[in-house]
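**Q** Based on the hints, put chain G in the right spot on chain W.
2 protein chains.
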Amino acid sequence: MPAFANRMEYMAGSAAIIRSLFGAMNDPETISFGGGAPASDALPVEQIREIAADVLRRDTRGVEALQYGPVQGIRQLREIVAGKLLAPKGVPADPDDILIVNGGLETMNLLCQVFINPGDVILCESPTFVHCVEIFEMFQAKCIGCRTDDLGIDPEDVENKILEYHPKMVYVIPTFQNPTGKTLPAERREKLAELGSKYDVIILEDDPYRDLRYSGEELKPIKAYDKTGRTVLANSFSKIFSPGSRLGYVYADHRIIEKLIDAKSATNSHTSMLPQILCAEFFARGYYDEHLKKLCSIHRERRDAMMAALEKTMPEGTRWVFPDGGLFTWVELPGGIDTTELLKEAVGYKVAFIAGAGFYVGGTEEGKNCMRLSYGNVTPEKIEIGMKRLGDLICSKL
Amino acid sequence: MPAFANRMEYMAGSAAIIRSLFGAMNDPETISFGGGAPASDALPVEQIREIAADVLRRDTRGVEALQYGPVQGIRQLREIVAGKLLAPKGVPADPDDILIVNGGLETMNLLCQVFINPGDVILCESPTFVHCVEIFEMFQAKCIGCRTDDLGIDPEDVENKILEYHPKMVYVIPTFQNPTGKTLPAERREKLAELGSKYDVIILEDDPYRDLRYSGEELKPIKAYDKTGRTVLANSFSKIFSPGSRLGYVYADHRIIEKLIDAKSATNSHTSMLPQILCAEFFARGYYDEHLKKLCSIHRERRDAMMAALEKTMPEGTRWVFPDGGLFTWVELPGGIDTTELLKEAVGYKVAFIAGAGFYVGGTEEGKNCMRLSYGNVTPEKIEIGMKRLGDLICSKL
Chain W
634 MPAFANRMEY MAGSAAIIRS LFGAMNDPET ISFGGGAPAS DALPVEQIRE
684 IAADVLRRDT RGVEALQYGP VQGIRQLREI VAGKLLAPKG VPADPDDILI
734 VNGGLETMNL LCQVFINPGD VILCESPTFV HCVEIFEMFQ AKCIGCRTDD
784 LGIDPEDVEN KILEYHPKMV YVIPTFQNPT GKTLPAERRE KLAELGSKYD
834 VIILEDDPYR DLRYSGEELK PIKAYDKTGR TVLANSFSKI FSPGSRLGYV
884 YADHRIIEKL IDAKSATNSH TSMLPQILCA EFFARGYYDE HLKKLCSIHR
934 ERRDAMMAAL EKTMPEGTRW VFPDGGLFTW VELPGGIDTT ELLKEAVGYK
984 VAFIAGAGFY VGGTEEGKNC MRLSYGNVTP EKIEIGMKRL GDLICSKL
Chain G
634 MPAFANRMEY MAGSAAIIRS LFGAMNDPET ISFGGGAPAS DALPVEQIRE
684 IAADVLRRDT RGVEALQYGP VQGIRQLREI VAGKLLAPKG VPADPDDILI
734 VNGGLETMNL LCQVFINPGD VILCESPTFV HCVEIFEMFQ AKCIGCRTDD
784 LGIDPEDVEN KILEYHPKMV YVIPTFQNPT GKTLPAERRE KLAELGSKYD
834 VIILEDDPYR DLRYSGEELK PIKAYDKTGR TVLANSFSKI FSPGSRLGYV
884 YADHRIIEKL IDAKSATNSH TSMLPQILCA EFFARGYYDE HLKKLCSIHR
934 ERRDAMMAAL EKTMPEGTRW VFPDGGLFTW VELPGGIDTT ELLKEAVGYK
984 VAFIAGAGFY VGGTEEGKNC MRLSYGNVTP EKIEIGMKRL GDLICSKL
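Residue numbers (the working numbering), protein chains in the order written: chain W, 634 to 1031; chain G, 634 to 1031.
For reference, chain W alone in the conformation it holds in the complex:
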């Protein structure tokens, strides 16, 4: 066989971590806190069925839905992104500066295509989203983790590392972060946007969880503080509409969007048309507001169930994050328990999570006693049962 490209060597580790998650999730008896899926119960199946029946007609939008479409995505959806999702958050956007992508993650890939040469540095939170690290590594970027405290990434450390490593990009998930569930306060958001402008560095803001807020005050995206076009706002319809539709969007300076469109064209021509139309119509018909209330109500109940279960089942000395929204909490275990080892045993007890070590870059020892717990797609009853299993196992180790 001809030699694989160099980039494939770099991603071997993170790809293995991601694949390992899918296995455990396939056993129907296992209660998995592993995946990042939102509640299946809340997926708007009925509304999408109604819309599909209306648009899939030759005299309505049937041909548009099935024929080739524009690389940038349909204008109706880009206008909805600008008008209904960005403007209310203090981000005035021109629909021409928005690109529709095949799921939020594709933005990270396309932005790497546009900006990353092998060896370029990307700063990220420590811990950060492992799936994006996989992408960065495929582009042979050097990922450097930045210090994170209870409020999230520390802009002072980001500035120091910008000066030390001259990165091309800083990757941040500011709201209900993956994996920690932490939310970056407004002053740090503003500071990051300023750092991007001051040092000519792309601030890649990945904000897919932000609309799933159950408590606390809404915060503007980093992009709202951007004065020079260095912040790129990536978002997704996965958590607020449907993950399987693979719909995301990116809003950026026009010079960047033009290049992203070229990269998108050379990746897969355009995003699937029917999901774009179904999503746009979902908003156009006014279903979103009610749906978002339902989503928040279902997920808030699960967040609360998870918090109560942690309180009840975890041994003394355990620390965890109270997330104001999103799908995750981050748990730090006492007594030197290695969660990578723990997971192997936990699967035998029919409970799964993601071990913390995989969320750190650069071969650090950090996170070995941590785990990410996702409550999004687990009912409150199963959260209680699963956490009992997990708590019993952990307590048996101490």
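Derived from the structure by calculation, the hints contain no laboratory data.
Just so you know, not all the hints are guaranteed correct.
[Unchecked claim] In silico contact screen, one side only, chain W against chain G (beta carbon under 7 Å); selected entries:
hint : residue
1    : Pro-635
2    : Leu-676
3    : Ile-681
Computed from a predicted model, the values in this text were never measured in an experiment.
No residue lacks a Cβ here, since even glycine has one placed at the ideal position from N, Cα and C.
**A** Chain G only, in chain W's frame:
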């Protein structure tokens, strides 16, 4: 703004060519022979509507369609590819060695991710599909064109160029080639597969048009002659189901598929679920056979209308390909007419095509008097009108 990655410089030319096509296609009064779309009239809108109504229910497949899915694509669709599309063509495939992608073109991108380092050589037909050259250039591959005669790419020249350039890959569209409409005979197919094995080179077989055959004998894919796993078969549902659904597949040796799955995961996680389910059900319900007959009948009529129009409108000395299927013919004009210049004028006469020069790699002078005419999405009546406009313009130049 931070510097764009080196790869973006390489694709500037081909990206501009592709964008130029989309503009001309947007004027509703223009009769465009430019795009590569199949007939909108033949899109299976009614069947897909029926299937959508059935599967988008909470008690059927509604949750599956809207929730996250497997990176590799749903098993039902991979089994259909193996059983209904590959086996009858002499290609016995394990569904585990098939990956579903977001449109046929994505395979070229993923395969470059897996195999291409900057500077690696890819051999291709001369002329070849410009959109794939765009992808190869984004990966900083060096594209070298191989000699093509009336039967398609010449394996002897391929072998000489393998020895001279040591390529990683040979990219071939063997059936109803894009842009020429030519079909490679069986012995050349076999020879290409052998060259891949003999010299340890990937033969990337891109075969999206093959099922749209209107005359002549069906031929096995190159992959059917592959004895060592060096041939990778890329195909698409764009021409036989729906282009806007962005559904394609790749069948390859397991060692390659594993890497392609990693690359897919790091590109956009997985292909949109609802289109996969709609397509799989379309086959499972037995709609495909009848649909393919309809597709071939509609497109055969258009091919015949185009052949008749060429005969009637083109000046003496014009040569063109009689395609046994697919969507394209390739026209070579007499009298030193430069089709890139001609196109600018043609748009004023409300007729469009793609100029030939863009389909050649490596700054050659070839193809300047050629054009690709696509008849797939133009009715016979409009083919007659459009070709009259084009013929009058061309004759006025001589």
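**Q** Are the hints correct? Go through all of them and say.
**A** How the hints compare with the structure:
With 7 Å as the threshold, the beta carbon of Pro-635 (chain W) comes within range of chain G, its nearest partner Cβ sitting at about 6 Å, so the hint holds. Annotation: Leu-676 (chain W) was flagged as interfacial toward chain G, and the flag holds, the nearest CB pair being 4 Å apart, inside 7 Å. Hint on Ile-681 (chain W) holds. Least Cβ distance to chain G is approximately 6 Å, under the 7 Å limit.
Against the hints set out earlier in the document, no violation occurs for any number.
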